[in-house]
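These protein sequence lines map, in sequence, to chains A and B. For the first sequence, the working numbering puts the final residue at 209, and the numbers step up evenly by one. For the second sequence, the working numbering puts the final residue at 272, and the numbers step up evenly by one.
In case anyone wonders, no lab produced these hints; they're calculated from the structure. Bear in mind that the values here come from a model prediction, so they are computed numbers and not experimental data. Each residue gets a CB set at the ideal place from its N, CA and C atoms; glycine is no exception. All the given hints hold, so there is nothing to weed out.
Derived PhoX-like pairs: lysine-lysine, alpha-carbon spacing no greater than 25 Å straight-line:
1) B:Lys151 / A:Lys64
2) A:Lys191 / B:Lys244
3) B:Lys129 / B:Lys227
Partial selection, computed: residues in chain B whose CB lies under 10 Å from chain A:
4) Phe112
5) Ala120
6) Ala125
7) Arg159
8) Thr161
9) Ile166
10) Asn172
11) Arg184
12) Arg210
13) Leu218
14) Arg226
15) Lys254
16) Arg256
17) Ala260
18) Gly262
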Amino acid sequence: MSNVSHHLDEATIMRYAAGDLDEAFTVIVAAHIAMCDQCRQAVHDAEQLAGGLLDVAETEAVSDDAFANLMAAIDEKPELASNVHPFPKRNKISGDVPFPLQRLIGSELDQIQWKKVAPGISKHAIDLGGDSSSSLFMLNIAEGHAVPEHGHGGMEMTLILSGSYTDRYGQFAKGDIADLDEHEEHQPIVDAGAPCICIVATEKPTKFKGIVERLLQPIIGI
Amino acid sequence: MRAALRLVSNTESSAIELAKQHREWIALVGGNQDRAAFQSLFQYFAPRIKAMMLKAGMNVMQSEDLMQDVMMTVWRKSAQYSPDRGTVSAWIFTIARNARIDLLRKASSRPYDDVYELEIAADDKSSDDEVLQSERHECVSEALSELPKDQRKVIELAFIADLSQSEIAKKLDLPIGTVKSRMRLAYGKLKGKLEAVR
Chain A
-12 MSNVSHHLDE ATIMRYAAGD LDEAFTVIVA AHIAMCDQCR QAVHDAEQLA GGLLDVAETE
48 AVSDDAFANL MAAIDEKPEL ASNVHPFPKR NKISGDVPFP LQRLIGSELD QIQWKKVAPG
108 ISKHAIDLGG DSSSSLFMLN IAEGHAVPEH GHGGMEMTLI LSGSYTDRYG QFAKGDIADL
168 DEHEEHQPIV DAGAPCICIV ATEKPTKFKG IVERLLQPII GI
Chain B
75 MRAALRLVSN TESSAIELAK QHREWIALVG GNQDRAAFQS LFQYFAPRIK AMMLKAGMNV
135 MQSEDLMQDV MMTVWRKSAQ YSPDRGTVSA WIFTIARNAR IDLLRKASSR PYDDVYELEI
195 AADDKSSDDE VLQSERHECV SEALSELPKD QRKVIELAFI ADLSQSEIAK KLDLPIGTVK
255 SRMRLAYGKL KGKLEAVR
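This is chain B alone, in the form it adopts within the complex (with noise of 0.2 Å):
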């Protein structure tokens, strides 16, 4: 409780406090159905949501009925979300991202949740403690605050804006080998960061 006061009191809090502050918050939902702790979460993540939607071109009402959908899926799957795989945000990107995928592209998201249930049945629980959970975030937020802005920038389109790597490369106007290249180098920054605290 204390943590989440000084949360809110203090606008620099810091990611790691943050993603500490949406695991207790999606905990409780998945373990109690609790709706103040649901509120918040939606506080936080639904007008990130809609933002999603609205930037990879959909209309206001398509991109709030998206956003409905996936905060739909977060209230209903929130049991199955597990810190060890990572942060929520994370989670929930992925929630929209299927989303996305599914009103937008000619595709459908079932490889992704195949995967997902491969994961879930493999129970393959690594059973990380706290510690190590807050370095990893630790090395993405400081991967993202490193990276220089060109390749922020491609990262942003790709995966905020949902613009494909032909889109970046014409928006840009880059050759697409350029906007591959800084993808790479955008993961290879994080994974190195990873790779020291594995």
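Chain A with its partners taken away, still in its complex shape (with noise of 0.2 Å):
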């Protein structure tokens, strides 16, 4: 399934790899990967790069009894005991939505509850609970709209889910992620024919000191 030509940075994948990103950050990746057979190889590839590591890491004796007490326990719950535990078979995965978007925004993108924000932007929050200091939200503009500026200065993923827009580094089409450092500047134009839906990570711009970024944060409230 992959058309995909942006992907992600291989800093971020070595993030990812590690556990390093935040939540938002990390379900944004996810969601590429899902469409991106080349970031998805490239994440296999560095876990088997911490395999090695571990391989060689320090080791720390655990408690003597340790592996008796795992038996026992094991031993506890019949259903443990024999471990056939295959993956919980699901039916086909189906929907125009990544996988790992599914349980946060549902299946199907025209189910999406959309909150109009300025002229040709609408907006759909998206909650991850706890106190996550990353923020995740889809935007849909429409075509010949710029996408407005949300990254307050800090991190900022867009994942493209349906239609497409231009910019600086070219076209940015579905399963295309724009991955770019946060100096980086960009104005997108969504290309003409369909809106475009897309999934936007920030960090959360109270962890920005500067008032003047703030104040400059588009009057949109994203």
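From these two lone chains plus the hints, build me the complex, please.
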């Protein structure tokens, strides 16, 4: 299924494999790699590297009865004693929403409830629960409109789920991810033909010091 | 069996043989609930996982508990392990990483599970042969042993000690951009080697 032409930064691949991304970024990276064979393979490779590091890592003696305790715990639960535990068989995964996003926004893009925030721009906020320091939301932007600035100068990733936009890095269509350095400036404009639906992960603005940045935050509240 | 004996007697046994031994053990656990094979895996991995959790800042009791959880998951999911997904060490690393995320970070490892489930549902078995697996594994060991010390340190801190990118920058007194570029270089080293065998 890979027609993806804009991929994750390799430093991001490594951070994801190490488990170092905030929740919103973990979700958006998982959604991208669900659509991108190349980045999925890259994560896989990074995990092999991690396995190699585990092989040569330091060890710490476990308690003497650790193994006996573990087997006793396993024997207490008959369903574990025979560990035949095939992966929960699910029906073929369907819908036009990448699987890692389905528990957050459902499986169909046309079921999403949008809230108009500016001419040509609608937003759907996603509640990740807890006190995550990153936020995740969706944008639905009409053709010809500019994608609003929303990075607040922090880390930001945008994954295209439908439609496309173009900026100085080229065209971004379904499955493409903009994993840009926070200082790179760009002004994406949605291509003619269809609205562009994308999902955006950002660091929460409160992480950033400048009152100026916050004042510059677009009035649409993204 | 001969391989196993040689492995025990030869302290310089190669990473390749080790990986092969792990695959044999996990197949026995997954296929026959073989407790002796599981004990062998436990003896190898449990002390590594415990040390990894200690490094991530857990106390001794938490580290021991989480190690138990991880090994329990290994037992429970052993039938899901498939050699064409790479080494047993890497597979167990991902289980430990996910447990660590759920406990220490204010995040959930669900997205990782979703991707894993997707891969299993797609069942895109590449039916890799043993030779290719060994070659790939050799790439990883080679890449690791050839990495310059500074890059190696950065990925050890990230993967094993669970330091964030900014914590690594602070600890090593480096700009965050340098940490990022060392991560990219370390990955690039491996990628270059893997592309040669793919």
